[in-house]
Amino acid sequence: MHKSIRAAFAATIFSVAATTGVLAADKIVDKIHFLIPGGPGGGWDGTARGTGEALTKAGILGQATFENMSGGGGGKAIAHLIEVKDEGMLMVNSTPIVIRSLQKVFPQSFRDLTPIAGTIGDYAAFVVNKDSKIADFKGLLDAYDANPTKVAIGGGSVAGGMDHLVAALVMKKAGADPTKVKYIPYDAGGKAMAGLLSGEIQALSTGFGEAIELARQGEVRILCVTSNAALSASPDTPTCDKAGAPGAEFVNWRGFFAAPGLSDAKKTAYQNSLAAMYSTAEWKTVRDRNGWVDIFNKGDDFVKFLENQEAQIGGLMRELGFL
Amino acid sequence: MLEGIIIGLTTAITPMNLVFVIVGCLVGTFIGMLPGLGPMSAIALMIPIAASLEPSAGIILMAAVYYGAIFGGSTSSILINAPGVASTVATSFDGYPMAKAGKAGKALAIAAYSSFSGGVIAALFLIIAAPFLASVSLSFQSTDYFALMVLGLVSVAAFAGSGGVVKALLMTVIGLMLSTVGTDQTQGIPRFTLGMIDLIDGISFLLLVMATFALSEALMAILKPKNDEDRMKEKDASQNLGSMAVSKEEVQEMVPVIGRSSVLGFLVGVLPGAGATIASFLAYGTEQRIAGAKKGAEFGKGSVRGLSAPETANNAAATGSFVPLLTLGIPGSGTTAIMLGALIGYGIQPGPRLYIDQPEVFWSVIVSMWIGNIVLLILNLPLIPYIARVLAIPSRFLLPFILFFSLIGVYFVSFNTFDIQLMVIFAIAAVTLRLLDFPMAPMILGFILGGMMEENLRRALLINNDSWSFLWERELTLIILGLAVAALFVPVIVPFVRRYKKQAEKAGDNE
Numbered sequence: 001m002h003k004s005i006r007a008a009f010a011a012t013i014f015s016v017a018a019t020t021g022v023l024a025a026d027k028i029v030d031k032i033h034f035l036i037p038g039g040p041g042g043g044w045d046g047t048a049r050g051t052g053e054a055l056t057k058a059g060i061l062g063q064a065t066f067e068n069m070s071g072g073g074g075g076k077a078i079a080h081l082i083e084v085k086d087e088g089m090l091m092v093n094s095t096p097i098v099i100r101s102l103q104k105v106f107p108q109s110f111r112d113l114t115p116i117a118g119t120i121g122d123y124a125a126f127v128v129n130k131d132s133k134i135a136d137f138k139g140l141l142d143a144y145d146a147n148p149t150k151v152a153i154g155g156g157s158v159a160g161g162m163d164h165l166v167a168a169l170v171m172k173k174a175g176a177d178p179t180k181v182k183y184i185p186y187d188a189g190g191k192a193m194a195g196l197l198s199g200e201i202q203a204l205s206t207g208f209g210e211a212i213e214l215a216r217q218g219e220v221r222i223l224c225v226t227s228n229a230a231l232s233a234s235p236d237t238p239t240c241d242k243a244g245a246p247g248a249e250f251v252n253w254r255g256f257f258a259a260p261g262l263s264d265a266k267k268t269a270y271q272n273s274l275a276a277m278y279s280t281a282e283w284k285t286v287r288d289r290n291g292w293v294d295i296f297n298k299g300d301d302f303v304k305f306l307e308n309q310e311a312q313i314g315g316l317m318r319e320l321g322f323l
Numbered sequence: 001m002l003e004g005i006i007i008g009l010t011t012a013i014t015p016m017n018l019v020f021v022i023v024g025c026l027v028g029t030f031i032g033m034l035p036g037l038g039p040m041s042a043i044a045l046m047i048p049i050a051a052s053l054e055p056s057a058g059i060i061l062m063a064a065v066y067y068g069a070i071f072g073g074s075t076s077s078i079l080i081n082a083p084g085v086a087s088t089v090a091t092s093f094d095g096y097p098m099a100k101a102g103k104a105g106k107a108l109a110i111a112a113y114s115s116f117s118g119g120v121i122a123a124l125f126l127i128i129a130a131p132f133l134a135s136v137s138l139s140f141q142s143t144d145y146f147a148l149m150v151l152g153l154v155s156v157a158a159f160a161g162s163g164g165v166v167k168a169l170l171m172t173v174i175g176l177m178l179s180t181v182g183t184d185q186t187q188g189i190p191r192f193t194l195g196m197i198d199l200i201d202g203i204s205f206l207l208l209v210m211a212t213f214a215l216s217e218a219l220m221a222i223l224k225p226k227n228d229e230d231r232m233k234e235k236d237a238s239q240n241l242g243s244m245a246v247s248k249e250e251v252q253e254m255v256p257v258i259g260r261s262s263v264l265g266f267l268v269g270v271l272p273g274a275g276a277t278i279a280s281f282l283a284y285g286t287e288q289r290i291a292g293a294k295k296g297a298e299f300g301k302g303s304v305r306g307l308s309a310p311e312t313a314n315n316a317a318a319t320g321s322f323v324p325l326l327t328l329g330i331p332g333s334g335t336t337a338i339m340l341g342a343l344i345g346y347g348i349q350p351g352p353r354l355y356i357d358q359p360e361v362f363w364s365v366i367v368s369m370w371i372g373n374i375v376l377l378i379l380n381l382p383l384i385p386y387i388a389r390v391l392a393i394p395s396r397f398l399l400p401f402i403l404f405f406s407l408i409g410v411y412f413v414s415f416n417t418f419d420i421q422l423m424v425i426f427a428i429a430a431v432t433l434r435l436l437d438f439p440m441a442p443m444i445l446g447f448i449l450g451g452m453m454e455e456n457l458r459r460a461l462l463i464n465n466d467s468w469s470f471l472w473e474r475e476l477t478l479i480i481l482g483l484a485v486a487a488l489f490v491p492v493i494v495p496f497v498r499r500y501k502k503q504a505e506k507a508g509d510n511e
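Residue numbers (my numbering), protein chains in the order written: chain X, 1 to 323; chain U, 1 to 511.
Hint data in this document are derived by calculation from the structure and do not stem from the laboratory.
Not one of these hints is a red herring.
Residues of chain X placed beyond 10 Å of chain U at every Cβ, according to the derived structure:
#	residue
1	Lys-27
2	Gly-59
3	Ile-82
4	Ala-143
5	Lys-173
6	Ser-234
7	Pro-235
8	Pro-238
9	Ser-263
10	Lys-266
11	Ala-281
12	Glu-307
13	Leu-320
Which residues of chain U face chain X? A partial, calculated answer using Cβ under 7 Å:
#	residue
14	Gln-141
15	Gln-185
16	Gly-188
17	Ile-197
18	Pro-331
19	Gly-351
20	Arg-353
Note that the Cβ used here is the ideal one computed from N, Cα and C, for glycine as well.
Bound conformation, chain X alone:
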């Protein structure tokens, strides 16, 4: 994981530097049809619509259209993209495409598509209620060591899903037994947050972006975040690495995929338009209001990153008995 994130950031700096020559107002692509593998209102939906909005408002993209296609844990949209082979279509996806193809939820993997680029990331965070006796990550570890069955950790995915895996990863890096994590699944991040505030779970494994606003308003406390350095959005929150789980780094990336067999010209056009987006004011507005982190990571680097993540998550899932 370590290396893959570093690689991702190196790639970010490199590619942003390489594309600063492009003027923000130049139109690069006429039309993109964004395919969203989940329902309206979710993380994928926000990413696709936010990216489409920034691209069109900045004048890089002529027109953005959106289509929600939920089903098969995202598998339906993947199958659809492969079947129609529409060059004008970009599917948004994220870490779950790796997890779910490992779980064999759907038979395809990212290898069956044309990976365009990873565009944004959200770090994971451990969160407790403002009234919690657990003051910091060490407190959480102490409680966990004392009796793991009394530390219910919730998350917005099923058992064996991303939030669970992150919780297990951090516990493992902290030297605790990852198989003992008492994970409580909710069907959405918002409901998991409501569960934390109701006091039925002791801690929450969630996206940093989903927790930061309630933390700012004093409703919850973020114990640590899985980035490799403190984040500017919350400089006082320690990284899990520093807080007692050395090497516990994780980024939930989101990015775009096109149909298999996409022409190189089209692929480059997509990558250039996304690269040009980062320096625009429109993108900064969208990014900041969602608490996203830029991680531009295109083409072969993106594929390498996906392979690394697959190996990392696969190992953890085997250890936890999910594979």
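Using the hints provided, position chain U relative to the given structure of chain X.
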């Protein structure tokens, strides 16, 4: 507070914004009428347009579309028994029989009045109690939600229909069983999918309700053609199809129902894990129980109360769901999740400080709810006679239209031909069961509540290390379960007690 309302009014009422309200209501009503497109998709469709407007105009447009879509959804469930969204299923129980009896205009009018009152009253509660209720809404834990689902299921007796309680229970169990198909929400393991990828996400609600309600209704009409006498009667009735006249007595019946259902609906809507569907079922069940033997027996056959209760409650609940959204930024439903996205899009971050930091936003949201409701009522009342005339279409044209409409509606949501095959299978099964007098409503209820009930129960068990003690150790859970037990047994016991009392009185008189 008055100051806040004035701020809200001055931002909301400009000629341009009023145009947005009117357009939004019309578009929303139209979208809502199409099966498969509910408030959620209507708002999602509006976001690109709303995003280009200034915040208050955008919020007003979305609120208008939202209420329009809710109203539109009721229309299709009343006229052709095709509830496009789960929260209007209960509306069809009495709305459709009423429309079939030739009182479509009246049914639509009652639905419009009830929705309007539910929305407006709930918006009032929102102003008064939002900050206080925010903390209440968060005190609900998984065990309490489980108990609430049990309470909802208990109201199944209210939907027994002519087949009796045993058949209703059997159908509820079938509904519960169907809800277990697909990936289980706790362990992520596929269940009963027969190895088919199309079943991994389970059976969609829309598919099931369209097959068992709309399709089977249309097929039944073909299988059991009406005799001449009925046809004559229907012809007479259709003369007044568009009439919206509601008698004084009916208004008197509606007023207390609206009062109770808006409170109930609002409170249930405030809970992030419950929502408008459960609110509508609970309101329907409650009203049936307290209506008394004579009025209660009218439920399911075109009762004014049975139509008014769920319509009021689902609108009140929709408004109630804004409490956790605005005060904590927690979306309780798909619709509020989209609303949250849109608000954040305007740089508005809902949370405990919204009320204090950006009062103009808070108030313009609430005022736009009122305006949306009022404009909707004004716009739709004159349209009702025309909408109701749909039923005057001869059945040889109307029935194929309904079949087409339902199949296409389901297909357009998933773009999956497997869904059409599954629908046909369900429709055939439903027709067979209906010919044997099995009611469909309890199955839908079991299906809707089953998933949530299982999820909350299993979560509660996980948290409590597989001990069931939370059922009696947690007060709130115990109270709700107690209500469920009472709802189940009081109607059985009361007649006995009455009889016993009467006999005792008689015995007393004799002495």
